[in-house]
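Student: So the protein lines, in turn, are chains P and E. Counting from 1, position 159 in the first sequence corresponds to residue 159 in my numbering; the numbering is continuous, with no gaps. Counting from 1, position 473 in the second sequence corresponds to residue 473 in my numbering; the numbering is continuous, with no gaps.
Treat the hints loosely; a few may be bogus.
Unchecked claim - With a straight-line Cα cutoff of 27 Å, these simulated DSSO-like cross-link-like pairs (lysine-lysine) come out: (1) 419/E to 246/P; (2) 175/E to 135/E; (3) 158/P to 247/E; (4) 60/E to 247/E; (5) 320/E to 221/P; (6) 51/E to 217/E; (7) 6/E to 221/P; (8) 240/P to 474/E; (9) 142/P to 604/E; (10) 279/E to 379/E; (11) 142/P to 247/E; (12) 605/E to 240/P; (13) 492/E to 142/P; (14) 246/P to 580/E; (15) 221/P to 142/P; (16) 135/E to 6/E; (17) 246/P to 283/E; (18) 492/E to 312/E; (19) 604/E to 158/P; (20) 368/E to 6/E; (21) 45/E to 175/E; (22) 247/E to 221/E; (23) 562/E to 534/E; (24) 45/E to 158/P; (25) 158/P to 591/E; (26) 594/E to 142/P; (27) 312/E to 142/P; (28) 320/E to 6/E; (29) 283/E to 158/P; (30) 308/P to 175/P; (31) 45/E to 246/P; (32) 604/E to 240/P; (33) 473/E to 306/E; (34) 320/E to 217/E; (35) 135/E to 246/P; (36) 580/E to 142/P.
It should be emphasised that the hints constitute simulated quantities derived from the structure, not laboratory data.
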Amino acid sequence: MTEAFIYDAIRTPRGRGKKDGSLHEITPIQLATQALEAIRDRNDLDTSLVEDVILGCVAPVGEQGSCIARVAALNADYDESVPGVQINRFCASGLEAVNMAAAKVMSGQSEMAIGGGVESMSRVPMGSDGGAMHSDPAVAFKTYFVPQGISADLIASKWGYSREDVDAYAIESQKRASESWKDGRFKKSIIPVKDVLGLTVLDHDENIRPETDMQSLGSLKPSFADMGNNFGFNSVAMQKYPEIEKINHVHHAGNSSAIVDGAAAVLIGNAEIGKKTGLKPRARIRGFASIGSEPTIMLTGPSFAAEKALEKTGMAKSDIDLWELNEAFAAVVLRFMEALDLDDKDMNVNGGAIAMGHPLGATGAMILGTALDELERSGKETALVALCIGAGMGTATIIERV
Amino acid sequence: MTETIKFSTDSDGIATLTIDLPDRSMNVVDQAFLRDLSDLIGKIKENDSIKGAIITSGKKAFVAGADLRMLSSLLAEQNGPSAEDVFEACNGYSALLREMETCGKPFVAAVNGLALGGGFELVLACHHRILADEKSLKLGLPEVMVGLLPGAGGMQRLLRLAGLQVTLQYASTGKNLKASEALGLNIVQEVLPLDKILEAAKAWLMDKPTAVQPWDKKGFKIPGGAGAMHPNSVMTMVGANAMAQDKSFHNYPAVEAILSSIYEGGMLPFDTAIRLDSKRFAKLLMSDQTQNMIRTLFINKQAADKLQKRPKNPEKHMVKRLGVLGAGMMGAGIAYVSARAGMEVVLLDMSEEQALKGKAYSESLVAKGLKRRKITEEKGEALLDLIRPTADFDDLKDVDLIIEAVFEDRKIKADITAKTEALMPEATIFASNTSTLPITGLAEASKRPDQFIGIHFFSPVEKMPLVEIILGKKTGETALAIALDYVQQIGKTPIIVNDSRGFYTSRCFGTYVTEGLAMLAEGINPAMIENAGKMVGMPVGPLAVGDEVSIELSYKIMQQTKKDMGKDYPDHPADAVIEKLVAGLGRLGRKNGKGAYEYPEDGKKFLWPGLADHFPPANDQPDIDEVKARLLYRQAVECARCYEEGVLNDPESGDVGAIFGWGFAPWSGGPLSFIDTIGAENFVQEADRLSQAYGDRFAPPQILRDMAANGDCFYAASNE
């Protein structure tokens, strides 16, 4: 099998996903376009060599609709021979897009492709695309659908993570993220977003709250208690997990991933294309896996995906130097660490989405780049990147520095 | 001539259709009505001199719904009909209403009273809807309660008049609407005094009426939006889906079908939407579950209410003066429901003070009713005036029925029986409200055992719909007839059973609680036990309900039973748990705030964490399906035993009694319907497995083995 290499990875900073967020005036097509432009320009890339642009996007409607990947390639003045495809694997879309690009390379069907993602959550709100999953009674009944927040609280209830546990995790995320920014660890991959005048509107992740402490988090009300108690969702979850007497609502805005805007792109190719273009591979994609697991608890998939990716690559947990799991909710990471018996010091070492935000379609590609930067900075070799996913899926990718 | 609808026309060309089914107290949608309505719609459509039509009723109520017997027989008659046949049959009424609203002539509903189900659907299909401002007038779609959906376009029309949320709410719960609510929700156009509705109907027809429904006009939009592309309605659906599952625990396919019909129907053209409703209706109607629910919850419940099993003689007897012995919780409740029904009640206890305390219960209920405006001050006062608290046995001398509700102690009961009989009139019937003690034994204290009967109420009396009537060996027909008449008088549903320890209901209900306790003893996670109880369709978990009736009571009954049965007493794994909780730990149940649950004063109850110390959790926890099976099968086996032993005379009483008595899974149609649906052979196989795994209490009685061998079922013979 052909090996797939990461030649580069870039991302926009993440803007608060609200009307007062710095990226709110930037259209999603602009976010995607600027990401594609950036990865082209800094690699002096002949875009006619790019055989596909695969972008994750979770709410592909409105201005994110109509195959935003192809349209972004055209808008970024890529060679018109470059096709594009938008994919949706919910929260792991960005990583899945990279995996698909890598798969094209590994299978020998492409020499070079871009994977990435985009989501302007301030402009195209989460859930704008609707879906049978939650609104069609036949499906919601059959799959015991509950919203993710309920699933996260269910995880906390099932494995006994207290409010203190999840809040402490959130504070650590904020601390690590702000220290990493201070230390300039993200600088290498951040491309400032420009406005119509060409002026920078944002050059850093604006959602971080370094001052967060137990006291400030303690004052936040659980976000999913009302919906769980008064709209039947707790009951639905407990019908699937009858061993639980009561759902303990521990998650809130401060220990869940923040809603933000952003885009990312990762350049993937085989060894030959590197030689042809003079680009130097930064890492090898060792392998990846996506899995499905029980959809009501929904967010415990990453450990299964990680195990499968390890098995596929013939690697052991001990072969992984660095673990990166999207911080959708604090309990998701706590459960992942418990399931795989991981040490906190190797996990999300530069913070994560609780501090910096989770632009749904882009996050997977963003944190892959973060892990790669960290491997290079720390001189470590291997990283496993994973995300939990709606409807009970999980995706994991293992990379190795070259 | 149409036999069910009176038809007339006036000089202005206005036709009036007065629905008045012969030999029926209520109008229902039956075959004759469908035929007549079809004929008349054709006539109105064809006859140029008829401008429009008014539909009203010749009875106090408008139309009470479809004739569920007709629906059930739809399947029986056709002997294994195909899905297409059932669909065609089910679609008939829907197609007829559609024809009415599109025939080009305007129709007005002048609704004089109650309009439910198919009756409400008829109203909705009219172009103009006028309601009488009557208290008794309710509109509703109760089909869900018998496992059906409103199959004649009612949901689609309601959706297009009142929007998604309203339609989801009323169609999925069967909740009724008052006239004023219907007006506020835009479901009807006018609410007027009863004597003005026909006039107003005609006035509307004379004043440029429209014969086109809003949804048949171009550019029509569902108010508030609907469908998968509409963000608000998506949110509404997400919540509705969860709330429906919360209440139905995945046991009621009709609930899901109703939600689906509304959700999908909102995205479809009207004709496609109502056709899809008919398909779902046919699918539900063909299911065993719906057949079971219709049979027990409607047909047999109604038969019990009408006292179908009452002996012919003596003639109907109205109780005028009732004597209640014992003014404790049960006696106080019996006094209240009897006075509510207009009877004079002599409420007797050891002291006047105690008797007054019993009356105080009625006072508190009346006060509550006043606060909620359920009763007028006048009526409340009249009710209370009917209750006479006393400590004097002489006051019993002219009562025509006695109900004894004293402490569950054979000796006390015997004393009071003798004392009362010495004073009460010769003909008076003496009833005991014992919940467990066999009537035949209690009747031994009576000089007139043929006049001695059991009338077993459930607590709280004013809320529980069922009354169990127990025949002792010597109970006579007059006693039975009078007891039944009394139960009808107080508006409750009676079942008749024969004598046994715990009779039918207490005995079978008890198995639910004790099986829960047995599982606790095995170290099964109590949360799982409780959730499993709710998931099989019981109102609450077995531990919770054990707390409610009090574990102490279980303890006392256990001790009395041990004493009575001696060496024949069958050991039960729950006994040790009851013993430990009550005698060892002083956890008596809800009554002392300590049972399987803790009852904090300022919060919700929660399972007592100490349970884990006394009943250590097992390492291997069973699958939830196993816990569910144990809770259901244990009860069903006991019910089958009652049938075998002759405690039950018929399956109908067993099923009605189980659902209305102790809340046995209504979706099943009752424990005996449950066995029939599973099939005796499968049931026996599973019960044998459970018996091997957990003990003889699951062993299926011989009658089930015979049924399995012969391919019989409980309802085989009695199913018309």
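Student: For every hint, state whether the structure bears it out.
Tutor: Hints, verified against the model:
Between residue 419/E and residue 246/P, the direct Cα distance comes to roughly 53 Å. Violation of the 27 Å bound is thereby established for this hinted pair. At roughly 16 Å between alpha-carbon atoms, residue 175/E and residue 135/E fall within 27 Å of each other, so this suggested pair holds. Between the alpha carbons of residue 158/P and residue 247/E the distance comes to roughly 23 Å, so the proposed pair stays at or under 27 Å and holds. For the hint linking residue 60/E to residue 247/E, the alpha-carbon distance of about 34 Å lies beyond 27 Å, and the restraint is violated.
For the hint linking residue 320/E to residue 221/P, the alpha-carbon distance of about 60 Å lies beyond 27 Å, and the restraint is violated. Restraint check: the Cα-Cα separation between residue 51/E and residue 217/E comes to about 21 Å, which is no more than 27 Å; the hinted pair holds. For a cut-off of 27 Å, the pair hint linking residue 6/E to residue 221/P is broken: about 64 Å separates their Cα positions. Restraint check for residue 240/P and residue 474/E: not satisfied, since their Cα atoms lie roughly 52 Å apart, outside the 27 Å limit.
Under the criterion of a C-alpha separation no larger than 27 Å, the hint pairing residue 142/P with residue 604/E is inconsistent with the structure, at around 30 Å. Restraint check for residue 279/E and residue 379/E: not satisfied, since their Cα atoms lie roughly 48 Å apart, outside the 27 Å limit. Of the supplied pair hints, the one linking residue 142/P and residue 247/E holds, its CA atoms being roughly 15 Å apart against a limit of 27 Å. Distance restraint check for residue 605/E and residue 240/P: the Cα-Cα separation of roughly 22 Å lies within the 27 Å cut-off, and the hinted pair is therefore satisfied.
At most 27 Å may separate the alpha-carbon atoms for a hinted pair to count; residue 492/E and residue 142/P exceed this at roughly 38 Å. For the hint pairing residue 246/P with residue 580/E, the CA-to-CA distance comes to about 26 Å; that is within 27 Å, so the pair holds. With a C-alpha separation of about 31 Å, the suggested pair residue 221/P and residue 142/P falls outside the 27 Å cut-off, and the hint is violated. Between the alpha carbons of residue 135/E and residue 6/E the distance comes to roughly 26 Å, so the proposed pair stays at or under 27 Å and holds.
At roughly 36 Å between alpha-carbon atoms, residue 246/P and residue 283/E are farther apart than 27 Å, so this suggested pair is violated. Annotation: proposed proximity of residue 492/E to residue 312/E holds, straight-line Cα distance about 20 Å (limit 27 Å). At most 27 Å may separate the alpha-carbon atoms for a hinted pair to count; residue 604/E and residue 158/P meet this at roughly 20 Å. A threshold of 27 Å between alpha carbons decides the hint, and for residue 368/E with residue 6/E the separation of about 45 Å lies outside it, so the pair is violated.
Taking the CA atoms of residue 45/E and residue 175/E, the gap is near 35 Å; set against the 27 Å cutoff, the hint is violated. With a C-alpha separation of about 31 Å, the suggested pairing of residue 247/E with residue 221/E is violated against the 27 Å cut-off. For the proposed pair residue 562/E and residue 534/E, the alpha carbon gap of about 31 Å is over 27 Å, so the pair is violated. Between residue 45/E and residue 158/P the alpha-carbon distance is near 65 Å, which puts this suggested pair outside the 27 Å criterion.
Taken as a hint, the residue 158/P and residue 591/E pair is broken in the structure, with Cα atoms around 31 Å apart against an allowance of 27 Å. For the hint linking residue 594/E to residue 142/P, the alpha-carbon distance of about 38 Å lies beyond 27 Å, and the restraint is violated. For the hint pairing residue 312/E with residue 142/P, the CA-to-CA distance comes to about 51 Å; that exceeds 27 Å, so the pair is violated. Restraint check: the Cα-Cα separation between residue 320/E and residue 6/E comes to about 40 Å, which exceeds 27 Å; the hinted pair is violated.
Pair hint residue 283/E plus residue 158/P does not hold up; C-alpha atoms about 38 Å apart against a cutoff of 27 Å. Note on residue 308/P and residue 175/P: the hinted pairing is violated, with a Cα-Cα distance of about 31 Å set against a maximum of 27 Å. Only pairs whose Cα atoms come within 27 Å are accepted, and residue 45/E paired with residue 246/P is rejected, the gap being roughly 61 Å. With a C-alpha separation of about 22 Å, the suggested pairing of residue 604/E with residue 240/P holds against the 27 Å cut-off.
Between residue 473/E and residue 306/E, the direct Cα distance comes to roughly 25 Å. Compliance with the 27 Å bound is thereby established for this hinted pair. Between residue 320/E and residue 217/E the CA atoms are separated by roughly 60 Å; this puts the pair beyond 27 Å, and the hint is violated. Restraint check for residue 135/E and residue 246/P: the C-alpha separation of about 42 Å exceeds 27 Å, so the hint is violated. Between residue 580/E and residue 142/P the alpha-carbon distance is near 42 Å, which puts this suggested pair outside the 27 Å criterion.
When held up to the earlier numbered hints, the structure conflicts with 1, 4, 5, 7, 8, 9, 10, 13, 15, 17, 20, 21, 22, 23, 24, 25, 26, 27, 28, 29, 30, 31, 34, 35, 36 and fits the remainder.
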